[in-house]
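Line by line, the protein sequences give chains D and C. Just so we're aligned: 43 in this note's numbering is position 43 of the first sequence, and the numbers increase by one with no gaps anywhere. Just so we're aligned: 100 in this note's numbering is position 100 of the second sequence, and the numbers increase by one with no gaps anywhere.
Be a bit skeptical, because a hint or two may be false.
No copy is singled out in the list; a pair is fine if it fits within one copy or between any two copies.
[Stated by the list, open to error] Capping the alpha-carbon separation at 25 angstroms, the derived lysine-lysine pairs in BS3-like fashion look like this:
hint	residue 1	residue 2
1	Lys259	Lys226
2	Lys54	Lys259
3	Lys145	Lys226
4	Lys145	Lys225
5	Lys416	Lys206
6	Lys60	Lys233
7	Lys225	Lys259
8	Lys416	Lys24
9	Lys87	Lys416
Simulated from the structure, these hints should not be mistaken for lab results. These figures come from a predicted structure and were not determined experimentally.
Protein chains: 2
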Amino acid sequence: MTNMDSVSVRVFSLNCWGIQYLSKYCPQRYAMIGEMLCKEQHDIVLLQEVWSEKDYLFLKKKLASCHPHSHYFRSGVIGSGLAIFSKHRIRDTFLYRYSLNGYPYMAHHGDWFGGKAVGMAILNLGSLTANVYVTHLHAEYSREKDSYLPHRVVQAWELQQFIRHTSAGADVVILGGDLNMHPQDLGNRLLRAYTGLQDSYLETAKFDGCENGMTLIADNPFISKKELVPFEKGIRIDYILFKGSSKADVHCDSMSTTKGSVPNHPFPYSDHEALTAELRLEPRTLAETGSDRQSKNKDSATGKLAELVDIVTEARTEVKVGLHCAERMRYTAARTGVMGLALLFLELVIAAVPYLALGAEQPFPRTSFYLLAVLCFAMLLTTSMLYIFYTMELKSLQEAEDQMRLGIGSLQEKLKGFRLAELHNPSRRPPEVQEPGAFEPEE
Amino acid sequence: MTNMDSVSVRVFSLNCWGIQYLSKYCPQRYAMIGEMLCKEQHDIVLLQEVWSEKDYLFLKKKLASCHPHSHYFRSGVIGSGLAIFSKHRIRDTFLYRYSLNGYPYMAHHGDWFGGKAVGMAILNLGSLTANVYVTHLHAEYSREKDSYLPHRVVQAWELQQFIRHTSAGADVVILGGDLNMHPQDLGNRLLRAYTGLQDSYLETAKFDGCENGMTLIADNPFISKKELVPFEKGIRIDYILFKGSSKADVHCDSMSTTKGSVPNHPFPYSDHEALTAELRLEPRTLAETGSDRQSKNKDSATGKLAELVDIVTEARTEVKVGLHCAERMRYTAARTGVMGLALLFLELVIAAVPYLALGAEQPFPRTSFYLLAVLCFAMLLTTSMLYIFYTMELKSLQEAEDQMRLGIGSLQEKLKGFRLAELHNPSRRPPEVQEPGAFEPEE
Numbered sequence: 001m002t003n004m005d006s007v008s009v010r011v012f013s014l015n016c017w018g019i020q021y022l023s024k025y026c027p028q029r030y031a032m033i034g035e036m037l038c039k040e041q042h043d044i045v046l047l048q049e050v051w052s053e054k055d056y057l058f059l060k061k062k063l064a065s066c067h068p069h070s071h072y073f074r075s076g077v078i079g080s081g082l083a084i085f086s087k088h089r090i091r092d093t094f095l096y097r098y099s100l101n102g103y104p105y106m107a108h109h110g111d112w113f114g115g116k117a118v119g120m121a122i123l124n125l126g127s128l129t130a131n132v133y134v135t136h137l138h139a140e141y142s143r144e145k146d147s148y149l150p151h152r153v154v155q156a157w158e159l160q161q162f163i164r165h166t167s168a169g170a171d172v173v174i175l176g177g178d179l180n181m182h183p184q185d186l187g188n189r190l191l192r193a194y195t196g197l198q199d200s201y202l203e204t205a206k207f208d209g210c211e212n213g214m215t216l217i218a219d220n221p222f223i224s225k226k227e228l229v230p231f232e233k234g235i236r237i238d239y240i241l242f243k244g245s246s247k248a249d250v251h252c253d254s255m256s257t258t259k260g261s262v263p264n265h266p267f268p269y270s271d272h273e274a275l276t277a278e279l280r281l282e283p284r285t286l287a288e289t290g291s292d293r294q295s296k297n298k299d300s301a302t303g304k305l306a307e308l309v310d311i312v313t314e315a316r317t318e319v320k321v322g323l324h325c326a327e328r329m330r331y332t333a334a335r336t337g338v339m340g341l342a343l344l345f346l347e348l349v350i351a352a353v354p355y356l357a358l359g360a361e362q363p364f365p366r367t368s369f370y371l372l373a374v375l376c377f378a379m380l381l382t383t384s385m386l387y388i389f390y391t392m393e394l395k396s397l398q399e400a401e402d403q404m405r406l407g408i409g410s411l412q413e414k415l416k417g418f419r420l421a422e423l424h425n426p427s428r429r430p431p432e433v434q435e436p437g438a439f440e441p442e443e
Numbered sequence: 001m002t003n004m005d006s007v008s009v010r011v012f013s014l015n016c017w018g019i020q021y022l023s024k025y026c027p028q029r030y031a032m033i034g035e036m037l038c039k040e041q042h043d044i045v046l047l048q049e050v051w052s053e054k055d056y057l058f059l060k061k062k063l064a065s066c067h068p069h070s071h072y073f074r075s076g077v078i079g080s081g082l083a084i085f086s087k088h089r090i091r092d093t094f095l096y097r098y099s100l101n102g103y104p105y106m107a108h109h110g111d112w113f114g115g116k117a118v119g120m121a122i123l124n125l126g127s128l129t130a131n132v133y134v135t136h137l138h139a140e141y142s143r144e145k146d147s148y149l150p151h152r153v154v155q156a157w158e159l160q161q162f163i164r165h166t167s168a169g170a171d172v173v174i175l176g177g178d179l180n181m182h183p184q185d186l187g188n189r190l191l192r193a194y195t196g197l198q199d200s201y202l203e204t205a206k207f208d209g210c211e212n213g214m215t216l217i218a219d220n221p222f223i224s225k226k227e228l229v230p231f232e233k234g235i236r237i238d239y240i241l242f243k244g245s246s247k248a249d250v251h252c253d254s255m256s257t258t259k260g261s262v263p264n265h266p267f268p269y270s271d272h273e274a275l276t277a278e279l280r281l282e283p284r285t286l287a288e289t290g291s292d293r294q295s296k297n298k299d300s301a302t303g304k305l306a307e308l309v310d311i312v313t314e315a316r317t318e319v320k321v322g323l324h325c326a327e328r329m330r331y332t333a334a335r336t337g338v339m340g341l342a343l344l345f346l347e348l349v350i351a352a353v354p355y356l357a358l359g360a361e362q363p364f365p366r367t368s369f370y371l372l373a374v375l376c377f378a379m380l381l382t383t384s385m386l387y388i389f390y391t392m393e394l395k396s397l398q399e400a401e402d403q404m405r406l407g408i409g410s411l412q413e414k415l416k417g418f419r420l421a422e423l424h425n426p427s428r429r430p431p432e433v434q435e436p437g438a439f440e441p442e443e
């Protein structure tokens, strides 16, 4: 914080890779992270994959003097893994749990048990109200055959919905986290285009860090190069995004990432690189609010809106693919269940024969009879649970698709208004333009 | 809609009791509801318990000309049961699924499968932006021994959080639905005190309907009087709540409920009574925004804030009771699971004896052996699933409790500021007072 006019805020984000017993050197790395955070004294620290509450409590104790305010977001079976530490008092927190997050039977991927979510904290930065979000989306295990893509797109959709609808009262919006999406991935474009959030890596005046801002790099000793194929050097999937408002401009003065190693330590903080962004918040005077915006918007608003319509349409297509897939899976579960039931019925009939035709011998060896019955029951149980699960998945996908359809309709309506306004008065700005790049669909 | 200055909006809310095959006269009642809605032409229709999508589609078709805009909120296994129909274009929708909603094994209560949620629709009423919410909270099956109370309190907490955080950009807020809470129940007080929403039954200038505004009445032929004990005549659990903003005042001109029967029909629309509120929205001029508010706030803001602190504290206590209960249940599940495992182990040891001591005879009859093994496995499976479920319940309760603790801290901080300001300058209004009754915790 420098003076009353302009406020400087240092934001830190790191995926801590904190799976107890499984992640390498976990306690040592948390000790390193704690020390570094104490020394660096960022204003806001956004952490992901803090899976164990013990580790959160360790950090809380360690950072008690430099970051007296914190919140650990709890959800799912294991937790959301999300935590925020802050120099500034946290006024309020809220949590949105994504409706889709992988499959419970994909236990080796583990995402479902994590209860992925987006956490929000409201805090004051100088005279400004900041909504700070931290999130972690579903991992991408294979880029070629990404069966989780519809889930991740729905998560990105829900994330942008949550941010857009909860940030109307905020002067500044900051989002940090592991989005598990490359910069130009569908969900990422959707998020940025709809909310108007800007990427600090792209906007920064100064940058110091890995090539292309990568946050998952081949040089990190915890990364197996196989995982990164076909991106030999690494990928950029962690972000710090930000947005101003009519009450404040936000600029990114500098940004940095760690580079796969930490001086004087045998290993890095995590398998992901850490991000630090230095944001400068400039409260706007009333006079500025209207004027400097007009020229900027006139040219780009229509184009941006048209682009947004395309992106949402693309997302909707992806969700439809997910719908087909989930429907097929549910059908398979139902069919298998019916087969199990038929088998059980058949078995019972065969077993009943000796009772009906009194003289006949029991055709079944007892052991096989019981084993088969158990198998049938197991089949029935599993398929009914799967059927319920896929039904829930279908509902969530349908809900997202419906919201998207409605969103596209509103955006097109607005676009029509823009174009009409341009047609009738090409020198005037389009009606009801709000934030540059942020579109609240409006009639 | 009357003129540009003042906008009149008719809002309708009904719990449709639409359980396919189980609810009595379901198709007939939907036909009646559809006809009535066509005739009455409300601006906004908020429906709950529309469990079947077919019934939603029936209404959508029937209301196509009078209510061309609609949204059906999908979640959970069966759905959320929530639907909105509107004369006015719906610009945007969003859904928040409550983190707690009963137990899947309480299948006869069925709430868990319903995926209870709060749906939001943003629409334009004249020149004003309205955020319209529809919700349905967990039912109360026994008033004396209400084991779902912590869940309902957490739902009320999440509902107020969702409304408060998403409505900053709204000029008018309207909430309709079946809250399953009496007017003075904890969750209801929490909702109204934190959001500043007003009860149209209490605020209305004219009222026509059941005694005390009851919405679940003994005179309704679908209601068994046993359910209502100890409230002989009925209870009020359905509401239409509203709130203005700095840009608009909202008044309730009249309110009505159905009275347990429908003229010319053999039975009523539902087991709940329907609510209709006529709201008058008055856009504010800039001059009004500040002045008329001051005197009103000075006296009541401190008192209201202190009351809110008490209510949130009470809610937090209730959530703590739920936490203890969930911990005990999880412990029981774990203990039973361990017993199952021990039994299985014992069985295997006994079965292994003949193999080890070669001469000995198999001590087990084969059938009992397999049956016991199956029993052990079933025990293990059930208890692990219960353990996972209770862990998720614990996480959600803890998250709500943490949010409440933080909220209380912020409110107390603000209260301190108010009291200091009053002490130093008793004639001045407290600092940063926003909406009457709505408290955004602020430093």
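To see whether the hints hold, each was checked on the structure:
no.	hint	verdict
1	Lys259 x Lys226	within (19 angstroms within a copy, 69 angstroms between copies)
2	Lys54 x Lys259	neither (27 angstroms within a copy, 57 angstroms between copies)
3	Lys145 x Lys226	within (15 angstroms within a copy, 57 angstroms between copies)
4	Lys145 x Lys225	within (18 angstroms within a copy, 58 angstroms between copies)
5	Lys416 x Lys206	neither (40 angstroms within a copy, 43 angstroms between copies)
6	Lys60 x Lys233	neither (34 angstroms within a copy, 54 angstroms between copies)
7	Lys225 x Lys259	within (16 angstroms within a copy, 71 angstroms between copies)
8	Lys416 x Lys24	neither (55 angstroms within a copy, 47 angstroms between copies)
9	Lys87 x Lys416	between (46 angstroms within a copy, 21 angstroms between copies)
The structure is inconsistent with the numbered hints 2, 5, 6 and 8, although it conforms to all the rest.
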